[in-house]
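Undergrad: What follows is each chain in one-letter form.
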Amino acid sequence: MFVAVIIAIWEVISKLGIFPTFMFPPLIIPSVPGGVTVFKTLIGGIFSGQILAATGVTLSRLLIGFFIAVVLGLTFGFLIARYKWVDDTLGFFVTALQSIPSIVWFPLAIVWFGLGNTAILFIVAIGATWTMTVNSSAGFKNVPDIYINAARTLGSSGSHLLKTVILPASVPHIISGLRVAWAFAWRAIMAGELLGAAGGLGYLLDLGRSTQAMDLVLSIMIVIGVIGTIIDNQVFLRMERSVARKWGLRT
Amino acid sequence: MKVSLKKVNKSFQKGKDDTLKVLNDIDFNIEEGEFVSLAGPSGCGKSTILKLIAGLDSPTSGEVLVNGNKVKGPGTDRVVVFQEGGLFPWMTVFENVTYGLLRKKMSKKEAEEKAMDGLRMVHLINFRESYPHELSGGMKQRVAIARALVMDPDVLLMDEPFAALDEQTRLVLHRELQKIWQETGKTILFITHNIREALTLSDRVLLMSTRPGAVKKEFTVQAARPRDPSDSNIVDLERRVMEELEEEMEKVLKEEFGNDYHLEKSHVRSSDHSDMGSHI
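Chains A and B, in that order, give the protein sequences. So that you can map any letter, position 95 of the first sequence is 95 in the working numbering, and since no number is skipped, the others follow by simple counting. So that you can map any letter, position 130 of the second sequence is 130 in the working numbering, and since no number is skipped, the others follow by simple counting.
Just chain A, same shape as in the assembly (with noise of 0.2 Å):
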């Protein structure tokens, strides 16, 4: 209902022909008999491919990204989390790095890796793996005692300790870490397809607007908001909610 009211805003704003078309173009019914709209530009251009081939190789490159992310996040965590001097010091250094918005990188990963896949991994891993970090080690370093010290008098220890007891009562800190750090991904890869790199959403984006495309660029936002909140609904609310029945905490 809401979205209904804020596209029929939309639709009178743009016949109402303050701006020009491709500045404001309508969303569902043409201005023009056979005119661009955004639905027409974004069903045509998920048959024709454009649009799905460059989702495919964005969320392939964010996924890779992440996913290294959520390794060097969940083991830099872990340290930090387990030894006083790499608190001491990468601990300090992480809360610096934090504050780096990824696409600060990005210059420097176009001179240590060419313009290319490798420099936009590295912008999203990069961009994600501080709060990944943080939220781990946030998450080992609350593991209660208790729990630690009944599986030792249980004959637990090492890695199975880590494995059993550490990793899982870390685990409603490290969903809402993974949930921040997709955030994260997304921003970041958005800005380093933007600023150049073949194929992706962020390129289309780059091209729509090279052409004053904005049913092109529109219609991208409307993909990325949607995989955003199937992802967020699909994988990270069913994480926490699975976690908070278990736990019988409140969502």
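Simulated from the structure, these hints should not be mistaken for laboratory data. Accuracy of the hints is not assured; some may be wrong.
[Claimed, not checked] Cβ-to-Cβ under 10 Å is the rule here; a few derived chain A residues that face chain B:
{"id": "1", "residue": "144"}
{"id": "2", "residue": "149"}
{"id": "3", "residue": "155"}
{"id": "4", "residue": "164"}
{"id": "5", "residue": "208"}
{"id": "6", "residue": "240"}
{"id": "7", "residue": "243"}
{"id": "8", "residue": "246"}
[To be verified] Take a look, some chain A residues computed to stay more than 12 Å from chain B by CB distance:
{"id": "9", "residue": "22"}
{"id": "10", "residue": "28"}
{"id": "11", "residue": "31"}
{"id": "12", "residue": "33"}
{"id": "13", "residue": "35"}
{"id": "14", "residue": "100"}
{"id": "15", "residue": "115"}
{"id": "16", "residue": "146"}
{"id": "17", "residue": "157"}
{"id": "18", "residue": "172"}
{"id": "19", "residue": "191"}
{"id": "20", "residue": "198"}
{"id": "21", "residue": "234"}
C-beta atoms are modelled at their ideal positions from N, C-alpha and C, and glycine is treated no differently.
For chain A, the structure is supplied; the task is to place chain B on it using the hints.
TA: Below, chain B alone, put in the same frame as chain A:
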């Protein structure tokens, strides 16, 4: 002798040159199959003693022996039942109980059978698929007891396991624990600040004094089991323990309130007197 502490001292580093002595020359033995309680005010180091025996902490000096062997770390021959909250919330009751068993490299089938026996003993067989948060406080502690007992430890260490429970539930669990103890013949060390609880459950109560913690006095409880807290023997002993404790409590209160504690006491008395005079 099942458990033996010899001249055990424990200090914690407080600041750079400041150490806090929590245990001073602790010396006691627990015989095979004996039920012994360590009782005393909070901060007397009774939980620290349990941690030393469990191997979760090590003494600054002295020796802790279990079965004649020096304690070097945690081991499944000494399992702890912690205060409420010791169960793993991400595991079901059944998974909690089988946790230690599976770690023992026993077959899954055997572990599951033992876990079922354990749960049957504490009457929670129907709750095996529940998560801890779905259970009441008393049920959680029963699961914790089952989780410890299935390990078949030489010594069962209990760290204020019933402290967070309501009186009703606690009385039920006292009866159940005594029954389990009589059936299994386990050696039990029970930590509590509740004197009546200690006297109801144990063969012997070690009363601790505080700062630094030391065993102040030992009481042997000779009353028929299953025990009734209103048994004249226990009531009599409770009075004697309380007298001993009063001294300790004063020490604790003085430390908590500083000099105010004494000031207030004398102040109350003097104002009482003046009131009496003015109303005549």
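Undergrad: Beyond 12 Å on every Cβ pair: is that true for residue 22 of chain A relative to chain B?
TA: holds, 55 Å
Undergrad: Can the hint on residue 240 of chain A be confirmed by a CB-to-CB distance to chain B that is less than 10 Å?
TA: Violated: closest Cβ of chain B sits about 14 Å from residue 240 of chain A, beyond 10 Å.
Undergrad: Can residue 149 of chain A be said to touch chain B, with a Cβ gap under 10 Å?
TA: holds, 5 Å
Undergrad: Against chain B, does residue 234 of chain A keep a CB gap of more than 12 Å to every residue?
TA: Given a closest Cβ separation of 22 Å, the condition holds.
Undergrad: Going by Cβ atoms, does residue 191 of chain A stay more than 12 Å from chain B at every point?
TA: Label holds. Min Cβ-Cβ 37 Å, cutoff 12 Å.
Undergrad: Take a quick look at residue 146 of chain A and tell me if its Cβ sits farther than 12 Å from every Cβ on chain B, holds or violated.
TA: At roughly 5 Å from the nearest Cβ of chain B, residue 146 of chain A sits no farther out than 12 Å, so the non-interface label is violated.
Undergrad: Taking 10 Å as the limit, does the beta-carbon of residue 208 of chain A come near enough to a beta-carbon in chain B?
TA: violated, 46 Å
Undergrad: So is residue 31 of chain A really clear of chain B, every C-beta pair being over 12 Å apart?
TA: Given a closest Cβ separation of 57 Å, the condition holds.
Undergrad: Is the Cβ of residue 172 of chain A more than 12 Å away from each Cβ in chain B?
TA: Incorrect as stated: the minimum Cβ-Cβ distance to chain B is 10 Å, not above 12 Å.
Undergrad: Are all C-beta atoms of chain B more than 12 Å from that of residue 35 of chain A?
TA: holds, 57 Å
Undergrad: Closer than 10 Å between Cβ atoms is the bar; does residue 155 of chain A clear it against chain B? Give me holds or violated.
TA: Result: holds, 4 Å to nearest chain B Cβ.
Undergrad: Would you check whether the claim that residue 100 of chain A is not at the interface survives, using Cβ distances to chain B and the 12 Å cut-off?
TA: Answer for residue 100 of chain A: holds, closest chain B Cβ roughly 35 Å.
Checked against the numbered hints above, the structure breaks hints 5, 6, 16, 17, 18 and satisfies the rest.
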